[in-house]
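Okay, here's what each chain looks like letter by letter:
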Amino acid sequence: MSQHGETADISVVVNGEAWTHTVEVRRTLADVLRDDLRLTGTHLGCEQGVCGACTVELDGAAVRSCLMLAVQADGAAITTIEGLTNVDGSLSTLQAGFRDAHGFQCAFCAPGFLITAKLLLDENPAPSREEIREAISGNLCRCTGYESIIASIEQVVRSASQADTTEVNS
Amino acid sequence: MRASVAGRFVGSSVTRVEDQRLLTGKGSFIADMTLPGMLHAAFLRSPMPHARINSIDVSAARRLPGVYTVVTGEEMKARTNPLLNFAMFDGLYIPHYWALATDRVRMVGDPVALVLATSRHVAEDALELIEVDYEPLEAVATIEQALEPSRTTVWDKAGSNVLLDTSQQYGDVEGAFAAADRVITRTFTSHRHSNQPMETRGCVAEFEQTTGEVTFHSATQNTHGLKWYLGMTTKRQTVPQSAAWLLKHRDRLQRFVAGARAFMSENKESLGETDNSGMKYLVKKDPTILRHMARSFVGLVAKDRTRLPEVKARDIGGAFGCKGVFSREEVAVCAMALEFGQSIKWIEDRNEHLLVGGQARDEQMKISAAVNDDGEVLAFRVHLTLAEGAYPAAPIAAPIFAVIMKVMMPGTYRLRAFEFNTRIVATNKGPYVAYRGPWAVETWVRERMLDVIARELGMTPAEIRLRNMVTMDELPRKMVTGPTLDVRMSARTTLERAIEIADLDRFRAEQEAARAEGRHLGIGIATYHEAAPGPPDFADNVMAGGFISAEPARTVLEPDGSVSVYIQQMPHGQSHETTFGQVAADELGVSPEQVHVKFGDTSVTPFGIAGTGGSRAGAMTGGAVTFSSRELRSHILDRAADLLEASVEDLEITDGAIHVAGVPSIAVTFADVATAVARDGGPGGGKLETKHDYDGGEGGWAMATHVCWVEVDLETGFVKIPRYVVVEDCGELINPAIVEGQVRGGVAQGVGAVLYERAAYDDDANFQAGTFMDYLIPTSMEIPEIEIHHVETPSEIAANYRGVGEGGMIGSPPAITNAIEDALAHLGVTITEQHLPPSRILELAGVIPAV
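Protein sequence lines, in the order shown, are assigned to chains B and H. Mapping of the first sequence onto the numbering used here: position 132 corresponds to residue 128, and the numbering continues sequentially without gaps. Offset between the second sequence (1-based) and the numbering used here: plus 229.
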């Protein structure tokens, strides 16, 4: 990537891996994740903070990576969709819930919904349908009408509680 | 019904194979692609709706460090052929235009110059350094303005802003109107709105240094079509140049002549019906078109097939029709990659996509209904005016949708006569593209009008529909416009089921009670049928001939025993990898994991000119996959019989193992067969491979009835949808979860269209909805839960699958608007427009004054 204009060094931890990187100060966090770190699972749908496809987890909060400059993320720990997958490459409980309930169609919006769902469930492991509906209302999906996305999060909740039960029993 | 196999996967909601990559961030969307040294493109776009370009100065932009070059319209024109349109009708003026505007801009967002730079950031910096001297012209913003005889023309050679004005009658229209007890007339307006997939458009032209050719990666719905279109538009050469090439390469000329002869004889029937009056009309209006067509087509013929840009597409983030367009940006990027010998990437931003990425449904319909007092609807007389915007989308523009509107408008009602008048007008607005059921305005207006008729006659919406809709025992029967309603036409069944489910009597009591409390409840019903892909005589009635009426599938046994299924369909959310994997797996007796559906690469997929669209995949590709897989199975069994020294009739396939029935221990695998075939060689060159082109057989309709419940809040103007029911029949369900996802997604877009979304322009054609803060896509808070009931009309037909992608959006606008009128009718409200945001609801109800 060619560099034009002022640059700065940033250090971030992305999906558990530490990076130190020289970035053009005008570039967004999404630009740097996608172009420099080649983590292209984070998508840009509107580049103005409305659609939520670019949502990443930054120090435990959901952040629109299209609205944040990369330099603002200096020192932060970031999780992207790539960081949700199990180490062995298999789908995590969260991802598997979306597969099992046919959550997406084109799935361009998936990175944002998955991160949003993760943060919802981190905070509230057993949300009601209405709580789910509200939690995902900042993310746009054009294919599904949202019902399958809500059902997917409910599926994740069910799978997680079954796993917990299994753990307790074993 | 599948006769030959047990059907273990078709009919079940197996999870999607697409999800392993899409849920882990490993999808491969066009914006994810990067090539060493590639240039980034950005287009300078007109801020004016209509203006003359007096001059353009790109010198400062060219000097900016990091800028490779800046290309102007005149420079583009010298290197490319214009974008031509293929659907011609007598009396239709079709303008041609180049990838960049040359002397005039005709819409806000018109591309004026192309910057190529080392990054998108630098390219956008350079846009700001380009100076364009525009001389504003009067703009055409509305249908009313377009019809003013003295208005400035968008296309001067058309002579006016009316590009087509035509009329057709079926049956004795005058007689029906004379015989009717009364004639009811209304004018309905549908607003411009837009597909807006979450992924914008984009492409990467990959220049191959070794060959000097381009591999063109694009988020396109139609890979083969785009390949040929790019072949026509780029590497422009004169007719004498092409002719000289052809003479030098006589084999190419001979091949072309032989191909043309074969094509003519294969399509004798449909070609015979094709009249060239449309072409003649166009040439009369603009003789230069002949030169451009000759350059484009002769140039294409002269080009070596292997030197046409191969088109590749991977994951696509939705489209709903807008990525079936061959775009000016794609032509520009491909042409300049060839010109400069550079790889170039262009990714549209959301503002561009809202401006010029495709808009639709800018229509007005005046409808008169001849009805008898007992509720019988005798005839419709319809006047459609469709505002196409400035540039007709290539290769198929709005006029063809107007033809489908005409053919479908009678629905499944017993009309005696029908008249349809079409006017296509040009305006200074963005391109009108296909949007999920591009003809859907006919259903909206018809179903709205039936409610109007019912109200006038003192009938209920259910009664007027039951009174006029064809019953199952009247089938088969022809629509007044021609196509056959075959014996699987179950629109009435869906209506009857929906009425039962809705429990209308109870609702009326609730509505009454609610009104006493000052709450406004309403219910709306709408029934439609859609060509998915339609019976054989549907295509004949839409356009003469069935050139694009087959879908191919190639099925290959791979050396490792897996099976590859190659299709020309270009999925972009429809889950074709999963569903066609299910179909093939059932035919072959293997698990879907053993099947790999391959798409999106013109160098390996079978040729097809239609891409994904028109609800063709279910019936046509579903059938092609069925039959090519069935044939492959039979070849595999033949070879296995040799290996097992058994008779073919005694063999069975269980979970991918081929064995003698009842003796699972004596078995060979698909991999064993592949190895044996490779070893023996033979006619297939050591490979087992089948190909089948399927024309859809009996084809058929998909149909549904939608019922929408609303509660309208006259404090805020908000419309709540407490319940929504769809009763649908798309034949046999391949994957119910995927079918239901398609239905829900379509309904959601209808909710957006009616209550939120509008591609708004002011009266001077300045665009007003350039961000997602202005163009409102509904969120999870706005979309109701949608209850789906399936009707599956039994049939012995092979591959009884029908398309289901478009219908959700065809049925929902009438169901919702009918419900809103039902809620507010007691206040004297009539709904004749489709866009009903809160402010408009309050105006209509008289709560606030109308602007």
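Since the hints were made in silico from the structure, they are not lab data. Hints are supplied without guarantee of correctness; some may be wrong.
Far from chain B, some chain H residues (derived; all Cβ distances over 10 Å) [claimed, not checked]:
{"hint": "1", "residue": "Phe549"}
{"hint": "2", "residue": "Ala998"}
{"hint": "3", "residue": "Phe1001"}
Some residues of chain B that are not near chain H, with every Cβ distance over 12 Å (derived) [claimed, not checked]:
{"hint": "4", "residue": "Thr18"}
{"hint": "5", "residue": "Gln44"}
{"hint": "6", "residue": "Ser88"}
{"hint": "7", "residue": "Gly99"}
{"hint": "8", "residue": "Leu115"}
{"hint": "9", "residue": "Asn135"}
{"hint": "10", "residue": "Ala147"}
{"hint": "11", "residue": "Gln158"}
{"hint": "12", "residue": "Ala159"}
{"hint": "13", "residue": "Asp160"}
Stretch by stretch, here's where chain B covers chain H in the computed footprint (C-beta under 8 Å, at least three residues) [to be verified]:
{"hint": "14", "segment": "240 to 246"}
{"hint": "15", "segment": "1002 to 1016"}
Cβ coordinates follow ideal geometry from the N, Cα and C atoms, glycine included.
Results of checking the hints against the structure:
no.: 1; hint: Phe549; in the structure: violated (8 Å)
no.: 2; hint: Ala998; in the structure: holds (13 Å)
no.: 3; hint: Phe1001; in the structure: violated (4 Å)
no.: 4; hint: Thr18; in the structure: holds (15 Å)
no.: 5; hint: Gln44; in the structure: violated (6 Å)
no.: 6; hint: Ser88; in the structure: violated (9 Å)
no.: 7; hint: Gly99; in the structure: violated (8 Å)
no.: 8; hint: Leu115; in the structure: holds (16 Å)
no.: 9; hint: Asn135; in the structure: violated (8 Å)
no.: 10; hint: Ala147; in the structure: violated (10 Å)
no.: 11; hint: Gln158; in the structure: holds (17 Å)
no.: 12; hint: Ala159; in the structure: holds (18 Å)
no.: 13; hint: Asp160; in the structure: holds (22 Å)
no.: 14; hint: 240 to 246; in the structure: holds (count 3)
no.: 15; hint: 1002 to 1016; in the structure: holds (count 8)
Of the numbered hints stated above, those contradicted by the structure are hints 1, 3, 5, 6, 7, 9 and 10, listed in ascending order.
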